[in-house]
Structures are given as C-alpha cells and as structure tokens.
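2 protein chains.
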Amino acid sequence: MSQSTQNFSSQQPKGMKDLNDPRFARKDIFPDLHLLDGPLQQYRYKATFDWRQMRLITDPLPVWEVKYKVWDFMQKNPLFGRSHETLPLDEQRKIATKRAFSIFNEKIFSIEQYLETPELGQKFSTAITAFDPSISVKIGIGFGMFPNVIMSLGNERVQDLVMENQRMENIGCFALTEISHGSDSQRMKTTATYDPSTKSFVLNTPNFEAAKCWVGNLGKTATHAIVYAQLYTPDGKCHGLNAFVVPLRDKKTHMAFPGVTIGDLGEKISLNGVDNGFVLFSNYKIPKEYLLSKTGDVDDEGNFITQYKDPKKRMGLSFAALSGGRVGICELATTYGITAIIIAIRYSASRKQFGPDNSNIEYPVLEYQTQQYRLIPHLASIYAVRFFSNWIGREYGKMTLKGFTGEKVSVESGMEMHAISSAGKPVSGWIVRDCIQDCREACGGHGYLKCARLGDLRNDNDPNLTYEGENNVLIQQASNFLIAIRAKGWNSFENASPLGTVAFLKDGEAILRSKWNWSKIECVMKPENQLTIMNFIVAYLLEKTFNRTKSLQSQGQSSFDVRNNSQVFHANCLAIAYGHRQIYSTFLNEIQNLPNSSSEREILTKLLSMFGANLILTTYMNVLYEGSFITNVHANELLQTGILQLLPVIKDEAVALVDAIAPPDFIVNSPLGMSDGEVYKHLENFMYQTPDTFTRPSWWKDVVYKENYLPTSKL
Amino acid sequence: MSQSTQNFSSQQPKGMKDLNDPRFARKDIFPDLHLLDGPLQQYRYKATFDWRQMRLITDPLPVWEVKYKVWDFMQKNPLFGRSHETLPLDEQRKIATKRAFSIFNEKIFSIEQYLETPELGQKFSTAITAFDPSISVKIGIGFGMFPNVIMSLGNERVQDLVMENQRMENIGCFALTEISHGSDSQRMKTTATYDPSTKSFVLNTPNFEAAKCWVGNLGKTATHAIVYAQLYTPDGKCHGLNAFVVPLRDKKTHMAFPGVTIGDLGEKISLNGVDNGFVLFSNYKIPKEYLLSKTGDVDDEGNFITQYKDPKKRMGLSFAALSGGRVGICELATTYGITAIIIAIRYSASRKQFGPDNSNIEYPVLEYQTQQYRLIPHLASIYAVRFFSNWIGREYGKMTLKGFTGEKVSVESGMEMHAISSAGKPVSGWIVRDCIQDCREACGGHGYLKCARLGDLRNDNDPNLTYEGENNVLIQQASNFLIAIRAKGWNSFENASPLGTVAFLKDGEAILRSKWNWSKIECVMKPENQLTIMNFIVAYLLEKTFNRTKSLQSQGQSSFDVRNNSQVFHANCLAIAYGHRQIYSTFLNEIQNLPNSSSEREILTKLLSMFGANLILTTYMNVLYEGSFITNVHANELLQTGILQLLPVIKDEAVALVDAIAPPDFIVNSPLGMSDGEVYKHLENFMYQTPDTFTRPSWWKDVVYKENYLPTSKL
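Chain order of the listed sequences is A and B.
Counted the way UniProt numbering counts, the first sequence spans residues 1 to 715.
Counted the way UniProt numbering counts, the second sequence spans residues 1 to 715.
Hints should not be assumed to be uniformly reliable.
Just so you know, same-sequence chains aren't split out, so a pair can sit in one copy or run between any two.
[Unchecked claim] Quick list of in silico lysine to any residue cross-link-like pairs, SDA-like style, CA-CA up to 25 Å:
{"id": "1", "residue 1": "K237", "residue 2": "I361"}
{"id": "2", "residue 1": "K526", "residue 2": "R314"}
{"id": "3", "residue 1": "K450", "residue 2": "F666"}
{"id": "4", "residue 1": "K520", "residue 2": "L552"}
{"id": "5", "residue 1": "K701", "residue 2": "M168"}
{"id": "6", "residue 1": "K550", "residue 2": "E169"}
{"id": "7", "residue 1": "K408", "residue 2": "N708"}
{"id": "8", "residue 1": "K352", "residue 2": "R187"}
{"id": "9", "residue 1": "K520", "residue 2": "L624"}
{"id": "10", "residue 1": "K606", "residue 2": "S698"}
{"id": "11", "residue 1": "K251", "residue 2": "D434"}
Derived from the structure by calculation, the hints contain no laboratory data.
My request is simple: use the sequences and hints to build the entire structure.
Given below as structure tokens:
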C-alpha cells in the first residue's frame, strides 16, 4: 500500500514545467486546476506530465474552442438550466426540442464550414452530447442526416429543401426501420406506387407491422421524412427499396397531413428528449419529384431508369450515405465513456475508506489494488477509443468531403471504411458499456444516485449497441469483408487497405507462424510486441473462420447457412478482434507521432501497455493457447505481474489523465466528479437544494391512517 | 440452419404425457399454454419435457400457491394498476407506500407462519418483487428487517415494538451507512452518549459526512429506525458501534421530532418507490431502554456491561443479524434474471428476421446460432442461480429458525454461511447483470422501449451489486474464510463445512495434482467432470492466493497491506470461483435428486453442461492452462464444439424452459414477453392506448414559430 498519499507537500506540480506557457493562455480551456484546494491536489502534484499538453493531444485547440463555444452558450442560456428530478416525458421532449433549435440557430458553425472541416461537425455534436445526447441526436437527424441524404441521393429538383432545412424552415427525420423488419431491410413492406395520371407516388403501409418506426424527431417535431419504400411501377414491377422525401406535417398548423398517421413511440430506457415515432401511410400522394433519384428514377410514363442493373448494388449505394451514423456512434460512445471515467477516477481519489489497523489514517480508495484494477484498464481503453474515434472521424470526413466535391472515392477505401466502421462501432460501444458499468459499481452507493449521472450514461450508451446496425448483425459486415479478401489469398490484403486496417494481413502466413518468445515483463508490456500478438489473433481467427466456412460449404450448406453457422467462436470473434486490433494500432500510431522524450508520450505508452496487456489477458489467452502461439505456462504470469506493476504507477497519473479530457464542471455535472473533488460538499449542496428534501410528504395521511387500507385490501 | 420451424403440425405436445394430470389441476398455476395460438406454439410442441413438472422442480407447489395468492390480490386491487409512463418521484413514493401497506396488511402469511416456514417469507417477497421491487424492499425493511433485528439483538424491554410493528402501528428502517463511511463501519461518527441524570442516550451527528444515509423508508415514511452509533459512557470511553431503536417521527402528525433532521436522498437510478433518506441528530435524547442490549448493556450509573470482551466480536454478532440481507439479494437477482430471460427467449422465438436467399421463408431469430449463443448460456445460468438461491434460502431459513427458538447454531455453520453468502450474493448479482444486459441487446430496438422492461430490470438489479456489502469488498469475506482454513492445512476443510461448500477441499492436494484427461466431447460436457474442473479451479486459486499472501508477509508487509495486495488475480478470483463452484454443485445436486430417467432430468443435465462448459470456456481457461491442468491445445475446441452442438438442442426446449419459471402475463408485463408471443399485437395495443400517442404536442407553437429562438440565443 503506497504511503505516498500521506506526505503531500510540493510547491509546483511535477509535470507542469511552465505554468504560464502561452500555448495554454485560454483559462477557460486550461484552468489552473493545480490551484484548487481539496483531495485531488496530491494527485495533481504527483502527475509526471502536463495535463494541458495532453489535452491538445486528445483534441487540437480549434476543436476545444468549438466545444467551449457550445458550453459557454449553454451556461449563459436559461433554456439549459438543469432540473433536480427527471421531468415528465412530454416536458423532456419540449425542452430538448427548444434546446436543439436554439443551439442550432446559434450557427456555431455553418454548413459551409462543415464542408471545409467535417471534423468540426462531429465535435460540435460531441460538445452537445456531453450535456445531453437527446439534443445532439435531434440536431444530427433533423439538420444533419436529413439534408446530407438529400444532397447525396437527390437530384437538383429537391436541393431547395436543403436550404430551407438549414434555415430551420423544415425539420427532417429518417424512416427506414419497420416494426417487424430492421436489419433485414430487403423485406420491408411500405410501398410507393407510381401513378402516371397524377405524376405522383402513392405511399401505403399494409399494416402496423410495416409501420416505419424508431424514427427520431418523427413523434412530435418533424415536418419531412426520408422514407425508404418498395418502388412499384404501373406495370406492377417492384424495383426494391428507394428513398423518398415525404412531407409529413403542415408547417403552419403542425398537424399531420391526411393519409399520414403519426404516432409517438413512447418512453424509452433513456434519450427521452428524442421523440421517436412511427408512421403509417394510406394512399398518401407525393409528387414524383420527391423520389431521391440519383440511384434510380422513373420517367413520366412510369418506366424505371437506372445505370445500376443490380438492385442490391443500387441499395448498397443508397445506404452508403448512412455509414456516417456508425462513425458518429464511435464518438457518442467515447463521450459517454469519458464522462464516466472522469466521475469514477475523481471520486475514487476523493473518497477515503479504511486504513492501516489501529491508525487514524484513511486511504483514498484509488490507493487500493482492487479499485485500481477496476478503473485503470478502463481509463486506458477510454483513451484508446478517444484516439480511434478521432482517426475514423477524420478518415470518414475526408471521404464525405470528396463525395460532396464530386472527387472520386476509391471502391477499396469505401469498402474498408464500411468494414472498419462496422467493427469499430460495436467494439467501441461495448468497451464503453463495460467501462460505464464498472465505474457505476466502483462508485458504490453514491454512484447509484441519479445525480451521479452514471445510470444515465449507461442508459444513453445502450442504444449505441443497437441502432445503425444491431452490433452482432452489423459486425458480420467486417468478417465478411475479411473472409472475402482471404479467399483471394493473403497477398490480396495489400491493395485492399488504403486506410491501413488490414494491410498487415498480407504477411498472414508469416504471422500465423509467429510465436510467443518473451520471458521478461518488459517484453510483454512493450506495445510493438503487443501489436504482434494482436496481429496473430486476427490472422488466426481469420484462418479458423475461413476453414470453418470451407468445411461447411463442403458439407453442402447454402451460403446463407454457412454464414450463420460460422459466427460463434469464429466470424464474430474475428470481427471483434479486428476492431480491437485497429483501436490498438491507432493508439500506437498516435504515440509514435509524439516527440520522443516527452513525458506525455511516456505515460501514454504506459496506458497503451495496460490496454493491450489487459485486453490480451482477459479476452485472448484462449486464442493464443489454442493457436499454439503460447506454449509455455508463464505467459499469464508475465501479463498479470506487468499489470500489477503498472497499476500503482498509472494510479498517480490518473487524476491528471482525466483532467486532460474533462469538460467544465457544468458539463460533467456530477457531485462525485467535480474538478475540486469536494464530493461531500457537492452532495450536501445538491440534496439540501432539492425541493421537498426535508418536508413531510403531501400524502402523509396515507402513512398515518392505515385503517384506510382495510377496504381496498378486502376486495 | 434448422428447417424445423417450417414444418410445424403436431396434435399433442411431445413432452406432456398426460394433459389432465391431476397434479397440475390448478389452471392459474398451470395454464393450458399449449392451446394458445401463435408463434411460440411450434416450440412448445417440440419440447421434450413437461414444463408443469419442471415448474414444480424450480419451486414446490406451496410456494407457487403463495405467489399466485399475491399476484391474484394485485390483479384485483386497483392500487396495482399500471401507468403508461414513469410517474413523478413523489407519486412513485406514494403509490409504493400504499401498495406496501395494503399487501402487508393482507397478511398473506403471518409472522408465526414465517417462523414455521421461513421459505415462505422469502417467496412472498419474491412474488412482490416480480411486480415491483420497491414494494418488497419497503416491506422487507419496514416490517421484516426492523422487527427481526429487535428480536435478535434487543431484550424484552423493546419486544412490544415488534408487536406494534406487525400491527403496522410503527414503520421501521435501518440506519448504518454514513455519507462518508460505508464498508468501513468501524469509523462511523454518529455518537450515542449515556446521560445518567436522565437515564437516556443523547444522539449526535457531528456533520453531514456523518449523516446516516441510504436508509430505505426513512425519507418519507418510517416512524422508527435501528441506528448504529458509537456508544460513549460518562467516563468518556467509547464502546464501539451499538444498535439503538430510535423514534423518528410523531405517529399522529408524521412530523420529525425536534433534534431529528430527516432528508430524502432524492432520485436514484431506479427503485424510486423506495424513499431512501438521511438523518442527522442534534442532542436527541432517547430512553436508555432503546439500546439493543443483547451484546452489551449500560447500567443506570453508566457502566458498560458485556459478556464479549472483544469489541470486534461483539460487532460481528450485532451484524450477524444482517446476513439475511445477502441471502435475500440472491433471490432478488434471480427474480430479475428470470423475467429478463423470459422476455428475451419469447421475443426471439416470435421475432422473425431473414431467411434463405430468394425465398419468402423467415426464421425466428432464435434459430440463428448467434442469437442462441447470446441467450441460451444465460438461460442455463438463470436456472443455476434459481437453484442456488433456493438452497441458500433454505439453509439460512433453518438457521434463523434455530436462532429464534434459541437452538444453538454451530460456529462453523455460521462462518460458512457468512462466507458463501458473501460470495453467492456478488456472483449471483453479476450473473444476472450480464444476463439482463445481453437480453436487452438481444431484443434489439424494441428491447430499448421502456415498456419492454429490460431497462428497469437492469436498473433494479444494479444496487444488488452494492448494498449489503459492495461486491468487491464483501467478497473478501469469502476469500479470507478460505485462506484462514487453508493456513491450518487442507484437512481442516472437513470440519469447517457443515453446509458442504468447502468439504471437497480436504482433498486439496490430490485435486491440485488432477489433470484434464478427456479427449471426447461427451466427457468434457459431463457434469461430474465439469465439477472436477471447478474443484481444481478453486483449489488452484486458493493455493495461488495462499502463496501470494505468504510471500507478501515474508516481504514484511502488514496484514492490512497483504490483504489489499493479494486481491487482483488472486483472492478476488478465488472468491468468485468459490461462488461459481457452489452454484454449479447446487445445480448438480438438484439434478441428482430427480428420477433417473425423467425427461426433466435430461434437459436440466443439458442446461448444466451448457452452464459449466460456457463458464469454464469464457472465464477459467487461463487458470487451467496456467495451473497446467490442461496441457493439450484441443481443450478449447472440445468445449466450443460441445457448446455448438448443444445450442440447437436446447433451443427447441427454451420456450418451455421459460414457461416453467414464468409468472402470469400481468406480472411479466412486457409486450415482448407475453405467453402468446404476439409481440406486434401487444406493442400496437400498448402504443395505441398510451395517452397522446397521436396528438399534436401542446407546445406545437414552439416548433412552428422558430423566430422565438433568436432572442434567447442572442444573449
């Protein structure tokens, strides 16, 4: 047990060389945390690196500036005042809508700027998410996804809708999923039949099972929707799912148009500011022009015209516009994970419990090995997803930009982005899910208070595992991608990887022959070696899955059955490992770009070692033994000892590490996680200022006069 | 991919030999599920066992009768009508209080009956929990724990309070935890100083950090509390924590007494019907008689008298009355897990998605390997915790009964119960935590609806991981127990195990020499062999931990540091494995008591194999390789193949397996999990009947007139 917490007296924070470094002049972004009194100080003074420098590694200054512009606006705007208690559902919808409008209206950045620096779009939304994701989701769908889809799939006939949208004259939503069909979009039942006599499409919903549902913004606010429907031409032919812009509500009265039945999906586990809705159409006519016709059009007589013969390819293209959603979810998840780990680390550094027998000394719970192991591996993985989300956001941004400017995006990079976003979204969501849960538990009883926020974070992250592709279904896109390339031979990976997520597999055969040949802790904790291990894991699982599919084929199973019967212990693990490995290597690249001797690089390297060692130990030892990569029994011990040695080292840096990624207290908004670490003062403050904390309940007579219960109970 | 779902036509359910078997005459408990039309029928007809017989294996008929008495009362009582939306906090408190009073008032069983058959007490509470745990928690604390503690720790002076309590003339609560001290109760700061002049104790709370908190029932309803305070005698000596009965509120006006400041802890992640509160005392006098004096008393002059010299031992005894809480939590968790798996299995058997290429056939998602692996291992572990909770409930019941009747409970069985409840509570809670989460994800988007209930189940189970001992701290009680016995030599386990949870360790040395010597799937899936593996795991982790503590001691670390530094990868894993192993062996015993050839025994054996194989594969392979129990690389493959072979077999039994443990639809109360499997009809019904589903929001003008946003956004 480290005694370090007992002798705290230092004049200057170890890691902060120059307190007045001009690069950190903006005190809102780089507050003087080291001047705050309180329980966190001993840790801040012990940290060996400059948290402000680290802040600029996790996001560049312009990004922090946009974030603080958003947070500053919120803090000054009465609309963003918080309530002490969960509001009624309708109230939550109302306030989220008003907040969404007011902040979007603020034009913190314009669509033009967005087209210039797509990164800002995501980070603007990140800043809002940190306050309340319902707002960013409503903006993202209503004023982001909606116009984007029109821009990428619609022809010039409908582009004016985009301008109106940016002037907030219409509010969009996106309707694909139906009550009885989600992942299996091919079988959706909503129809759009072309009527040459009126040059319009007639929309119909056969029954409730075919109602479009889970449509964010639809329940109470949207005026227009992108609707995917089976397109029928007068000759009775079905041309598969096509996207249409559909006016839903009268812009002046906000009443749904005749033929459009809009329902609210009701209360959800969380994200209740978002009014998810469902809609049924009954002979509802929309002008022909509202077909988003870039992938296929209908002439006045009703002939279907397209340059893409294969309907699957056509649908693939019309869905391509959506992969942005998966990329965005990596950032959503990262934002939740950051808030959770801030709260848990600061609380654990402030909360004292137990101490040496027969002494008055009490240790912060962060000093205990158990608590360190419960949190520090998550701190490492949150840094990992932070860098991964930045990377995939940048790469996707570049592509979108090319798309808008008409520049050609190579088929390979499109496919690789599809694959890595289909693995990265599930894996990031799961990493954050586990992080939030352990943070909740590590904060004990007080972590169960609503005001601690950990419950909301868990409930907000939960849909990340489902929407934009149910994780276990979506992730098959990644394994299919890897298996298809493998079928063409290992060397095919070289040209299949403009983004560099699978290039390493060109040496698959050599990788499969590699072995664990380390007997020193330093070696197994070395990132380069851990990457070697991750490479083997992906290659091995790919080969295992590839062989499984071959043997199932040789048994004469259909491709459908082969795919379904090669998931568990095979394709599913492969895709997850592919995601883990890319998150790991992105983190490593990030470090390799830092100045060699910098203390930030040093601590990040330790974090990466912790991330890798714990990931391998808790998830992949089976694979390494099964694949004969490990043949000696000491591998476990080396990793375990490496982790146990690193825990107390990172423990002293943990507070500064969360300071680096932390938004202001107004945004963290948890009595357990404030920057001064004064947990009990904030708890007392919160409880004493909650209405009716000390009052006798209005229904006190129901407590006192129990005779009233006899009647009801004697029915 | 099994085609079985396509050719469904059978006249009599395979597993139900005699449809009119008189043992199943009560149609409320054994409804004719096989007569219900709908998507679940094909599975019900395929099941090879009689779900009604299985029902009686999971709980005896008298228990089901008590449960149905409770559920029937609720269904007939308007107080138990459900709302479509989360109620405001104060409303939730009010309704939970009224429901608690009315059902307790119903005297479904009396305290006398409880003393006769303690099991009924737990199962009565189980039935209420299945509807809403807030009610059972309020009753359990107010009318169960409160009188029990007085009976076991108080002398005759206070026994009248027990009778009043059972007449609902007082409502109890239990105040131990303080804001800044939970697990470390020794350092609590609330004081009770004896004043000889008035023959009373004066209670004081130095500051907010010392406020008693998390006290269920305290916030709004309790009239009395059990308060643990540091007892000071006039000579200024502190005699450690002692328990007192403390009147809190005037029974007629329900106002807190002068000197008592009661606050409400506010909104929590869930369980919001329970009014958790905090309390501060300021020179608050209570009569001397209110000291619960069985473990220590004060004479009129203020001399402390006790037969237990060691204060720690004294406190141990006064806490012994609390282990019932941990046993109760095993049952709470089991109840949540049962509801979750019912919902997920029924939904997966009803929900169809995808089918063979170029066909109109759609498969229930339960037909997919991935979905099977997501749910069936959890179905197995829920059966496992069901049997474990029954076992520990019975054993604890026997002890309590002895306690009340004054019969001697052996020190050994007391210690073993303390250990196994300290491991069983965390492990059961974690098993159910993971089950609920996977059920939530496996139900996709519709599983995220509030009405699906999976979110509430997760949030309700969450505190099980924290209260009655934070899991990671509490579980050390189990490892300490094992290490202490091991220190006396393996053979000491024989006499230390009246409950039989550690007796097997008397052969520790032989167990440590045992090896994996199976090369056939049947062998590794055989429960007896899996138990051999579990035995090795516990013995190995015990030896590993024991050696770790010895080496830390030899480095001169204090016992405090040794304990803290031998948790991660050691004592913590040991205690968890001990819990897993006991859950496993309880399940096995349960099976061994069934008639040899019965089809129920057959399917339960498969469930146990699934539970064991998956537990070993996902959690313990490291240990088996590290401990050289496994030396060949095919062990993984054998377990994986065994699981893959069993999944489609159990899949066909899954619906009947959840029917066997399912409460009536009124209690399951999820559109996804009703017994007829008509998911979409129930969803439509729920949404169409939710107020304001189709209406324009009252705040529609905030949507239409956006110019209103300019002012607020231009502050």
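Results for each hint:
1. K237 to I361: The answer is between: 21 Å across copies meets 25 Å, while 80 Å in one copy does not.
2. K526 to R314: neither (46 Å within a copy, 52 Å between copies)
3. K450 to F666: within (16 Å within a copy, 29 Å between copies)
4. K520 to L552: between (42 Å within a copy, 21 Å between copies)
5. K701 to M168: Between copies only: 14 Å across, 51 Å inside.
6. K550 to E169: So K550 and E169 fail the 25 Å test inside a copy (55 Å) and across (74 Å) alike.
7. K408 to N708: neither (76 Å within a copy, 43 Å between copies)
8. K352 to R187: Answer is between; shortest inter-copy Cα gap is 11 Å, intra-copy 57 Å.
9. K520 to L624: Classified as both: same-chain Cα gap 18 Å, cross-chain 22 Å, threshold 25 Å.
10. K606 to S698: Neither: 56 Å inside a chain and 55 Å across chains, both beyond 25 Å.
11. K251 to D434: Answer is neither; intra-copy 44 Å and inter-copy 46 Å both fail.
Figure legend: structure checked against the earlier numbered hints; hints not met, in rising order: 2, 6, 7, 10 and 11.
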